Amino acid sequence: MHTFALTKADDPEKAIAAHASDEKLAFIAGGTDLLGLMKDRAALPTRLLDINGLPDMARIEPLEDGGLHIGALARMSDIAAHMEVRRRFPVIAESLLFAASGQLRNMASIGGNLLQRTRCAYFRDDDAPPCNKRSPGSGCSALHGLNRNHAIFGWSNDCVATHPSDVAVAFAALDATVVVRGVGGVRPIPFADFYRLPGSTPERDNVLSRGDLIVAVEVPARVEGRASHYLKVRDRQSYEFALVSVAVAVAVAGRHIRSARLAMGGVAPKPWRLADAEIALRGVSLDEVDALRSAIARSFVAARPLEHNAFKVELAERAVLRALQVAGGRQ
Amino acid sequence: MSNGKGGLGDGVIAVTLAVNGHVRRLAVEPRTTLLDALREELALTGTKKGCDRGECGACTVYVGGRRVLSCMTLAAMQDGREVTTIEGLERDGVLNSLQAAFVEHDGFQCGFCTSGQIMSGVAVIEEAAAGWPSAATADVAKPFSLSDLSDGEIRERMSGNLCRCACYPNIVDAIADAAKRR
Chain A
84 MHTFALTKAD DPEKAIAAHA SDEKLAFIAG GTDLLGLMKD RAALPTRLLD INGLPDMARI
144 EPLEDGGLHI GALARMSDIA AHMEVRRRFP VIAESLLFAA SGQLRNMASI GGNLLQRTRC
204 AYFRDDDAPP CNKRSPGSGC SALHGLNRNH AIFGWSNDCV ATHPSDVAVA FAALDATVVV
264 RGVGGVRPIP FADFYRLPGS TPERDNVLSR GDLIVAVEVP ARVEGRASHY LKVRDRQSYE
324 FALVSVAVAV AVAGRHIRSA RLAMGGVAPK PWRLADAEIA LRGVSLDEVD ALRSAIARSF
384 VAARPLEHNA FKVELAERAV LRALQVAGGR Q
Chain B
57 MSNGKGGLGD GVIAVTLAVN GHVRRLAVEP RTTLLDALRE ELALTGTKKG CDRGECGACT
117 VYVGGRRVLS CMTLAAMQDG REVTTIEGLE RDGVLNSLQA AFVEHDGFQC GFCTSGQIMS
177 GVAVIEEAAA GWPSAATADV AKPFSLSDLS DGEIRERMSG NLCRCACYPN IVDAIADAAK
237 RR
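Respectively, the protein sequence lines represent chains A and B. Under this note's numbering, residue 414 is the last one in the first sequence; the count climbs by one each step, no gaps. Under this note's numbering, residue 238 is the last one in the second sequence; the count climbs by one each step, no gaps.
Source of the hints: derived by calculation from the structure; they are not laboratory data. Among these hints, one or two may not hold up.
Within a straight-line C-alpha distance of at most 30 Å, the following computed BS3-like cross-link-like pairs (lysine-lysine) qualify [claimed, not checked]:
1. Lys-107/A with Lys-97/A
2. Lys-122/A with Lys-91/A
3. Lys-107/A with Lys-91/A
4. Lys-97/A with Lys-122/A
5. Lys-91/A with Lys-105/B
6. Lys-198/B with Lys-236/B
7. Lys-122/A with Lys-105/B
8. Lys-105/B with Lys-107/A
9. Lys-107/A with Lys-122/A
As the structure is a prediction and not an experimental result, all values here were calculated from the model.
Full structure from sequences and hints, please.
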């Protein structure tokens with residue numbers, strides 16, 4: 084690794100001010116993505132500010148109204164093991180457990196999880212082939228290169244990478260809120276507004292600015308929470324990023340869907356809500372497989388696969404169907 | 057904000073770790089990983105460097121009693137913490153029960169991944185006993201207990217430890233055996 088300075092933050096206000104005034108400073112919590120990026124020279128901060136000592140940021144609190152407060156420094160494994168998280172939102176616990184390994188889950192913070200960078204092999208390559216995310220203006224090697232793992236929605240000619248987080252997909256399905264503290268104070272950012280599509284500026288993954296610190300994720304109470312499921316399809320059965328994944332949460336009356344929340348991973352530069360399918364699924368019986376299939380297909384009319392990933396369209400549609408059936412069975 | 061304890065020259069940080077029950081003081085550069093500090097500064101070479109990218113699990117140690125990858129954390133970030141390595145697993149010359157089970161079940165060939173496998177395996181048993189579910193658990197909303205630790209559960213929970221010799225079946229047998237004896 085390159086050389087850098089390391090200091091410990093004990094006061095959030097000072098930490099935020101330091102981050103706002105030094106564009107070469109990076110916060111570090113679990114470090115499981117940042118240190119990998121630094122070893123691959125995809126991130127070259129000159130100063131790391133260790134935020135693990137900031138007060139009251141690791142709390143996992145089930146709220147009285149049925150929601151959930153998750154401090155940004157809470158570790159993936161602690162959230163996944165929390166009995167009330169598992170009861171209220173199985174999709175959150177499952178999405179965490181299907182990610183990374185036991186060791187990494189003990190280290191990685193939930194704030195950092197949301198900020199992990201793409202696993203696009205061109206972006207991570209320390210030989211630095213053209214990549215607009217890594218080196219703006221250099222081009223996209225994946226657009227006409229090996230793009231089997233890349234996006235089928237939301238990509239631009241400047242970047243076709245997908246976002247790697249699993250739990251972000253669950254949070255997107257549940258319309259969670261990212262609580263951010265910046266120079267101007269604390270502001271809630273709805274999950275739907277948190278990530279950016281690449282457009283012509285793929286170097287920016289999200290809407291955060293210098294001086295912004297994620298302090299928590301808040302999940303509101305959802306009638307669909309209990310009947311929820313995360314399904315992840317990968318080249319290996321374990322310890323691998325998603326080809327496609329889906330977070331599903333449903334509320335049913337009898338066997339008929341009253342409300343469905345659907346989001347996908349592995350298909351877009353951000354967690355991808357299937358809004359058209361959610362509308363079309365209302366009133367459909369979980370036993371009418373053909374009707375479920377055609378409702379789900381509404382969200383894939385707009386899919387734009389690349390040269391090597393057309394298989395993701397059918398794989399994604401089938402994954403949604405299966406996840407919906409599993410979640411529906413959890414009423 | 058406090059700087060790393062100074063007085064050691066530019067950029068060098070004084071770090072105190074409780075390693076295998078002994079207080080160890082060392083001076084490291086900020087970029088020194090916990091793995092490199094253990095191997096290069098403290099000569100605890102039982103912990104192995106495989107990929108150095110958090111992918112193989114060979115560098116697994118415990119910090120504060122939890123299994124972590126020592127290649128993916130900085131030594132200076134663990135100042136004041138308790139660290140356990142494979143050298144700290146035996147007690148007065150008596151092997152930990154999983155170490156003994158690895159010998160009994162022939163859980164290794166070349167041995168390079170073995171310390172990471174054993175560190176992870178001991179933690180897998182403790183995590184299951186603490187009620188942690190895994191991706192192999194059918195219904196995470198139900199409580200989990202050590203008796204639910206099937207071979208499929210062990211394989212899933214050990215997926216962060218790669219074995220190039222592919223001793224996986226014997227590793228699973230050794231962990232299942234040690235879990236029963238717990």
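Each hint tested on the structure:
no.: 1; hint: Lys-107/A with Lys-97/A; verdict: 16 Å, holds
no.: 2; hint: Lys-122/A with Lys-91/A; verdict: 21 Å, holds
no.: 3; hint: Lys-107/A with Lys-91/A; verdict: 16 Å, holds
no.: 4; hint: Lys-97/A with Lys-122/A; verdict: 28 Å, holds
no.: 5; hint: Lys-91/A with Lys-105/B; verdict: 27 Å, holds
no.: 6; hint: Lys-198/B with Lys-236/B; verdict: 21 Å, holds
no.: 7; hint: Lys-122/A with Lys-105/B; verdict: 14 Å, holds
no.: 8; hint: Lys-105/B with Lys-107/A; verdict: 29 Å, holds
no.: 9; hint: Lys-107/A with Lys-122/A; verdict: 16 Å, holds
In this structure, none of the earlier numbered hints is contradicted; all agree with it.
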